[in-house]
Amino acid sequence: MPVNGRKRMVTITINKNQYLAEEGEIFLLTAMRLKIDIPHLCYEKALDPYGSCRLCMVEVVTCGKTEMTPACTIKVHNGLEILTDTPEVIKHRNILFELYLAEAPKSEVIKEMAAKYGVTKTRFLKKIVHDDPLLGKCILCGLCVRVCSEIMGTCAINFINRGPFTVVNTPFYEHNPDCAGCAACARVCPTNAIVFEDTEKDRVMRSWSGTTVPMMTCSSCNKPFAPEKLMHEIQSRLDPQINEDIRNMCPECRRRYISRREMKIPIT
Amino acid sequence: MDERTLDEIIGRYPYPSGRTLGILREVQIKEKHIPMDTLKLVSEKLDTPLSDLFSLVTFYSFFSLKPVGEHLITVCMGTPCHVKGAEKILQSIQEHLGLSGDSSDGKYLETTPDNKFTVEIARCFGACSMAPVLHVDGDLYGYVTPEKIPEILTRYGWKR
Amino acid sequence: MKIQSARDLESARREGLIKIQPGRPRIGVGTSSCGIAVGGMALYERMKKIIQDEYPDISLVKTGCIGFCKEEPIVSVSIPGKSLVLLHKVQPDDAERIISLAMEGRVPQELALCKIQDWDHITGSLVHGGGFDGIKDYDEIPFFANQKKIILRNCGLINPEDIMEYIGTGGYFPAFKAITSMEPEAVIEEVKRSGLRGRGGAGFPAGIKWEITKKASGEEKYIVCNADEGDPGAYMNRNEMESDPHMLLEGMLIGAYAMGVHEGLIYIRAEYPLAIERLMVALDQARSLGLLGKNILNSGFDFDIQIATGAGAFVCGESTALAASIEGKTGRPRIRPPRLTEKGVFGRPTDLNNVETWCNVPVIIAKGASWFSSVGAKGNTGTKVFSLVGKVDNVGMVEVPLGTSLNTIIFDIGNGGAQGRRVKAVQTGGPSGGCIPVRLFDTPVDYESLNKVGTMMGSGGLVVMDEDTNMADIARYFISFASGESCGKCVPCREGLKHMLLILNRLIAGKGTVKDLNLLKELSETVQKTSLCGLGQTAPNPVLTTMQYFKEEYDELLEA
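Listed in order, the protein sequences are those of chains A, B and C.
In this text, residue positions in the first sequence follow the numbering used here: the first is 3, and each later residue adds one.
In this text, residue positions in the second sequence follow the numbering used here: the first is 13, and each later residue adds one.
In this text, residue positions in the third sequence follow the numbering used here: the first is 956, and each later residue adds one.
No farther apart than 25 angstroms at their CA atoms in a straight line, the calculated lysine to any residue pairs in the SDA-like style are these:
(1) C/Lys1484 - A/Pro51
(2) C/Lys1470 - A/Pro107
(3) C/Lys1025 - C/Ile1090
To spell it out: a stretch of chain B is covered by chain A in this simulated footprint if at least three of its residues, at any positions, have a beta carbon under 8 angstroms from a beta carbon of chain A; those stretches are:
(4) 54 to 64
(5) 67 to 75
Quick list of the computed label-pair ranges, beta carbon to beta carbon:
(6) C/Gly1334 - A/Lys47: 43 to 49 angstroms
(7) B/Tyr168 - C/Gln1064: 37 to 43 angstroms
(8) B/Tyr27 - C/Gly1060: 47 to 53 angstroms
(9) A/Asp87 - C/Glu1507: 34 to 40 angstroms
Simulated from the structure, these hints should not be mistaken for lab results.
Glycine included, every Cβ here is placed at the ideal spot set by N, Cα and C.
Sequences and hints are given; from them, build the entire structure.
Next comes the structure, spelled out in structure tokens:
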């Protein structure tokens, strides 16, 4: 319980050492702050814990019994006891890494991460990558889908099919007019699987069935600088509204415009 | 599906619980698949993102995006059917109809080139006492053997 | 007419009794899904026509299923003052003779399976009478003799599409008793004392779950019935709903009153159209008698039930996936806590119980917790219905007290292997369970004992395997099933099961090595320990148990 608005500090035990930690905090974050290494792929601070990647599994000790639990789903409480590096944890984690190496054979991120924990080979049949819009790098952590719906409110992409046939893409694998081209999906992707490119006039989400979003051109320098739909969305939410003069300027021109105005240099 | 029929279906679901799947279930039963245009219409009418609906219809095995042929054959693959030879029943049907048995999205659904028969599998009908079982257009056949397949198919206009 | 008082209910009971024992011959035709599939409906239609044209004095009804699937279509003939006779394997051509004999107070002897002199409906009892000396008694048929029918108390004997017949056997009296004379807390206490545990497979005490839901904060709550019977090889719930839908509705009504909940949902598989239809009929009838809706039994209590259909996803048996599915989302389980009792359907506290759990409730209220807990074993009270299927002689639905041994179920009731083949093993608990070898058949069927031998109770499918069944193939079958039903959210289940399947395929094709066998075991353990929900956590059980009990069959597959 917060006391006077401050979080209560409690004692927890990690790998037999005692630490002070904030009550109610997600244990994965506590561990990260304490520089206790726990690999993870699907956790993102801005979203609720999802628990799909299973890499952050640790052992929770209760009454002498241990139970494998993902660190991102454990809330810190007084007397919490965790083991992060038991043979059991390592054994299962290594198999999970092998599964990831087979599922996303082209991902350098996965290779490096697995190697860091001593896994350099997989005994499982690697997925054959052929025409994969996600380049053989997707591990289906779901971050892109969740960012698109929960943060952006767009819902342009989603999971398709189920089980081993699950993929992420747009409905009917078609250009999706709902997409705002914000590319938050690409930024949040832990394995850099999502590809998009900005052309003269458009942002093309290559991974999402070529979904194309027109770019807004700067009213000053005439260069494209951000997806139109996204800009309108942002502008509609701003209060007070941006001054008409600089409304449709790229950030660079806007900066120059404002500094010139402040320095009283004539604007051309 | 025309808009009026869809409106009628939607009208039958005043409560939020079970609404979306109930509506899609009726579309599936009526059209024998989920047409793309209908799904888009449902998305507009329920004010639900199309990506969510597409996710639903590809997740649940009751729905199919591919149209089916004149007759739909569903082979039960439940455990009692399996131990009593359901695999051989399916193979026999595929051989007689010249189907490959391949699936790319985890849902097996294959139609003959003449559009006469579509074959699919189901996880369990709950008619285990008569295993192995299959449905043709909703008619249940129990205690099926590979030898009985030509006779069953013939009833639905199959010619050797 | 609305039932508003004890007198109303009593007169409804008398009306119902007259339907069951009309004082003239009554013929009941088994028309649940399996009965229909072997010709039950054709038989019913044939009889209907003959009776309409020639014998208007005979009462003809559709009944549910008495559970002896092997003997379907089953027809019951009741002559006033005489035993009720069950006829088996009845063909449409037998219709004429059955009817004309019934008019003379007789039955076709060669079609007779057995006779019932009196019947304990638990909530009431019926005396049919004597006679028919040449026909075996119900208790003399081994398939029936070793069963104890509490849940299936009415199945196959009453018309599931007529609420009056349910009331005629004492139905809705328990609900009346609970609502008009018991405090909600007392109802919960009774269910707690009965020791009733969740019949969906996990075995959590139902009364405690009710208590947690009642205490959960939030004005609006749901109670939900899980009727998404997804285990391949299990059809108990289908039969219960098709044969006696009101026992489910009454159980939910009593639960709703106890928990103070006003909205109920039945989440049912889309693959069960007849059960859905009969539930709809039952709901309408209950509403028209004021047993659902506003001011139930004139008590001021409001409660109604809606039906939500599933769409084919085994994973939706998992509670959080089920809730998501009701909300119109994909059935991908979420991490727990919070549990459903705290945050369930549309974020409201939700009590989720299996069909059969609900069906036990009216009995507990009618007969009391002590009576209920005297049936079964300590900590495993009451009965459980199983679908006894696969390579067993007497295929059917059987109800036995918990703690009954597998031997009794498979050999005494099931009469051993079909066509004289030797029984080798039985799979319990569906894809989440395991295969138990015949040498362990003295295992009592209760939640804990089954766990001890590496399997689980599950919802009640018992699939018998004989000497011709290859156990590695069975393991592959279940892994293929689980992989196809995996939601794909977490990697051990999505990818792990896929690779288990690939390894099993390699082994069965004769191309596997000892390394493959070891990797299969290692991977099984990781999938078990690291999967997000019960589907993945239990999916390796069939592999692990067959590797444990039938290792030699795997060794035989290895490359020389």
